[in-house]
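Just so you know, the sequences run in chain order A and B.
Under UniProt numbering, the residue at position 139 of the first sequence is numbered 139, and the numbers go up by one with no gaps.
Under UniProt numbering, the residue at position 150 of the second sequence is numbered 150, and the numbers go up by one with no gaps.
Careful, some of the hints might be misleading.
[Said to hold, decoys possible] So these bits of chain A aren't anywhere near chain B, every CB distance computed over 12 Å:
(1) 45
(2) 65
(3) 70
(4) 72
(5) 152
(6) 159
(7) 171
(8) 180
(9) 216
(10) 309
(11) 312
(12) 331
(13) 357
(14) 368
[What the hints assert, rightly or not] Among chain A residues calculated to face chain B with C-beta under 7 Å, some are:
(15) 153
(16) 160
(17) 190
(18) 208
(19) 213
To be clear, the hints were calculated from the coordinates, so they are not data collected in a lab.
Using N, Cα and C, we set each Cβ at its ideal position, and we do this for glycine too.
Now for the letters of each chain:
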Amino acid sequence: MKTMLSIISNALCRMTGRNAGAQTVSEGARVVVSRSFADFTPQATFDIKKCDLHQLEEGPPLKAELTRDQGLQYYRTMQTVRRMELKADQLYKQKIIRGFCHLYDGQEACAAGIEASINPTDHLITAYRAHGYTYTRGVSIKEILAELTGRKGGVAKGKGGSMHMYAPHFYGGNGIVGAQVPLGAGIALACQYQGNNQLCVTLYGDGAANQGQLFESFNMAALWKLPCIFICENNKYGMGTSVERASASIDYYKRGDFIPGIRVDGMDVLCVREATKFAADHCRSGKGPIVMELQTYRYHGHSMSDPGVSYRTREEIQEVRTKSDPISMLKERMLSNNMASVEEFKEIDVDIRKQVEEAAQFATIGSRAAAGGSLQPHLLQQPAAGGPRDEPLVQTQVCQLDLNPNLQIHSDPDR
Amino acid sequence: MAASLRCFLRSGKVTVTVRDALNQAMDEELERDERVFLLGEEVAQYDGAYKVSRGLWKKYGDKRIIDTPISEMGFAGIAVGAAMAGLRPICEFMTFNFSMQAIDQVINSAAKTCYMSAGLQAVPIVFRGPNGASAGVAAQHSQCFAAWYAHCPGLKVVSPWNSEDAKGLLKSSIRDDNPVVFLENELLYGVPFEMSEEAQSKDFTIPIGKAKVERAGSHITLVSHSRYVGHCLDAAAVLAKEGIECEVINLRTIRPMDVESIEASVMKTNHLVTVEGGWPQFGVGAEICARIMEGSAFNYLDSPVTRVTGVDIPMPYAKILEDHSLPQIKDIIFSVKKTLNV
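Take these sequences, add in the hints, and give me the full structure.
Structural data, given as structure tokens:
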């Protein structure tokens with residue numbers, strides 16, 4: 001299919017006298033001739049890596065379909081996360097961002113692939129390397145960067161910081177390694193309880209994979225058949241400790257023991273998408289939880305205080321960049337299948353850079369979180385409560401998350 | 001409704017044990033709001049390790065009364081996650097000693113989240129269970145956690161004494177959209193108390209954050225919570241015979257503490273003794289002392305505040321040692337007289 005399309009495209013080029021993606025240069029002017037929409041391949045099928053399976057007879061498919069629109073959307077998403085993270089790096093070095101800052105560049109295919117396979121009404125929770133997911137779950141670049149710089153315009157008004165950003169159906173951003181996993185299982189319990197056919201994607205890293213509370217969560221999730229996809233983002237290093245030095249078994253997809261598992265190429269957005277779709281079907285069909293291991297890589301160190309080269313070589317980092325970068329891989333796939341042009345990608349890049357720059361402006365000059373009012377604890381006010389003296393109860397907006405309308409309160413309309 | 005020990009008295013009041021009051025509270029709230037559910041070890045088929053949830057599983061079934069494996073950190077986290085996603089869990093710790101296994105979920109996942117998210121993410125959860133000393137259960141099973149939890153912003157910490165407290169405060173805690181640590185006392189479970197007609201209503205709640213004056217007095221203020229409120233009242237009865245009238249305040253809520261009620265009382269009596277089961281250092285009594293000192297009531301004190309607390313040692317096993325490790329009525333009487341200089 002692929003070769004046939006190339007042949008047709010080349011023939012068309014010969015007929016129109018243009019080279020693929022060429023620019024017509026005339027004297028004194030530079031004219032870019034863009035390819036018309038009709039010239040592009042609207043859809044293509046790609047081979048994807050076979051996933052290793054644990055306790056499963058069948059796994060995700062070996063081929064993935066990609067439409068032009070999807071491809072451009074995934075590219076845009078990943079490139080946005082990439083540029084946003086690099087901007088955060090820059091702002092941190094300028095000391096405009098402080099404290100913890102754990103960057104996600106290199107791992108973009110995981111966030112983009114997962115979001116492409118679940119519904120907005122599904123739920124997601126992750127650990128502290130959370131900026132990518134914060135974006136894919138719907139928070140704007142502005143609100144993310146402004147949160148990092150501690151401004152009122154930040155998604156948590158500057159009170160949360162890098163690790164504590166929230167959105168509907170996105171539960172952060174969690175600072176304690178592994179603590180988000182039981183939380184995710186609990187969110188899945190709520191989905192099951194409410195009978196809403198939603199599921200929870202619960203992410204953790206190769207470092208957290210050795211936390212005891214994970215195994216407590218696996219046990220209960222399996223026992224109660226909770227609709228939870230446990231996903232280990234294995235980027236090969238837990239802070240400065242390689243997986244070989246931390247884990248007796250580095251087959252993280254098998255660690256669920258009695259829970260089926262899949263090991264996935266986390267640098268390929270299509271592989272991630274297909275595997276997550278498979279996992280989501282598994283959960284929604286009532287079979288219970290499933291474990292996925294995404295093999296991925298982070299270019300930055302553990303955090304901005306870690307140069308990231310004391311425990312791994314620059315050659316290793318460079319090799320991943322050249323051979324397995326998720327954004328390049330997608331771009332090359334689309335270009336070689338004539339699904340988009342180089343100019344188009346450039347336009348997208350320029351647009352993203354502009355957006356990120358604007359967001360950084362907003363995050364740098366915006367008003368800071370105000371002390372005084374915001375130093376009062378956020379406690380939700382109760383009409384019945386006495387209202388104690390020195391701890392003002394602040395009425396705050398509670399994010400009402402998609403309650404099953406069948407679950408009723410049977411009395412007390414003043415509630 | 002679970003079978004409860006009831007004696008009907010002429011005034012419309014009934015006698016209800018603390019255990020049954022807690023049971024009623026949970027039953028009523030489970031019935032009222034389908035989002036409420038109970039999870040913990042042995043809460044369902046065993047009817048509760050201390051029978052507090054007796055009959056609830058039979059009535060509400062597996063979906064709403066959930067037996068968990070022995071995995072405190074795991075199931076506390078699961079409960080918090082469920083609360084984040086719109087349910088209203090009651091998470092039982094068989095005793096609060098075991099909550100230490102899960103304390104990260106209580107503090108970092110539950111208590112801090114509303115603030116960290118600038119109010120976007122609520123965690124309407126109740127952590128409940130027996131707290132403090134029991135009888136002969138020794139050091140690892142006898143710690144009082146009132147001070148530890150009350151230290152943390154973002155939590156409400158409630159400590160009922162009698163049946164009305166237990167029922168009204170538990171109902172309020174379940175209806176509260178904040179994480180609440182509800183500290184019961186195992187030795188009180190079987191104790192019957194009178195419950196007014198008002199308290200028998202399904203809509204009866206007691207506001208969190210308001211103390212109650214259990215006994216009016218003019219010579220000295222005794223402030224306590226949980227089981228030792230009873231000790232204070234007993235001490236007050238003995239002291240009354242000697243002409244010393246104690247005002248006994250039942251805190252009911254540790255955090256937010258109703259300092260105003262304590263101050264109003266101290267401004268009347270000019271003397272203060274605090275009584276608690278927990279250890280003295282950085283405890284509830286220590287906090288009361290600091291707050292009184294910082295406020296206007298300080299000027300009304302005629303002598304320093306005395307704290308009566310548990311002894312600063314891990315709880316010993318032998319009965320005589322255990323008895324002497326906790327506040328006794330004679331200790332309260334002694335402290336009152338010392339404070340009054342009589």
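Cross-check of the supplied hints:
{"no.": "1", "hint": "45", "in the structure": "holds, 37 Å"}
{"no.": "2", "hint": "65", "in the structure": "holds, 33 Å"}
{"no.": "3", "hint": "70", "in the structure": "holds, 29 Å"}
{"no.": "4", "hint": "72", "in the structure": "holds, 31 Å"}
{"no.": "5", "hint": "152", "in the structure": "violated, 9 Å"}
{"no.": "6", "hint": "159", "in the structure": "violated, 5 Å"}
{"no.": "7", "hint": "171", "in the structure": "violated, 6 Å"}
{"no.": "8", "hint": "180", "in the structure": "violated, 8 Å"}
{"no.": "9", "hint": "216", "in the structure": "violated, 3 Å"}
{"no.": "10", "hint": "309", "in the structure": "holds, 31 Å"}
{"no.": "11", "hint": "312", "in the structure": "holds, 30 Å"}
{"no.": "12", "hint": "331", "in the structure": "holds, 36 Å"}
{"no.": "13", "hint": "357", "in the structure": "holds, 26 Å"}
{"no.": "14", "hint": "368", "in the structure": "holds, 14 Å"}
{"no.": "15", "hint": "153", "in the structure": "violated, 11 Å"}
{"no.": "16", "hint": "160", "in the structure": "holds, 5 Å"}
{"no.": "17", "hint": "190", "in the structure": "holds, 4 Å"}
{"no.": "18", "hint": "208", "in the structure": "violated, 13 Å"}
{"no.": "19", "hint": "213", "in the structure": "holds, 5 Å"}
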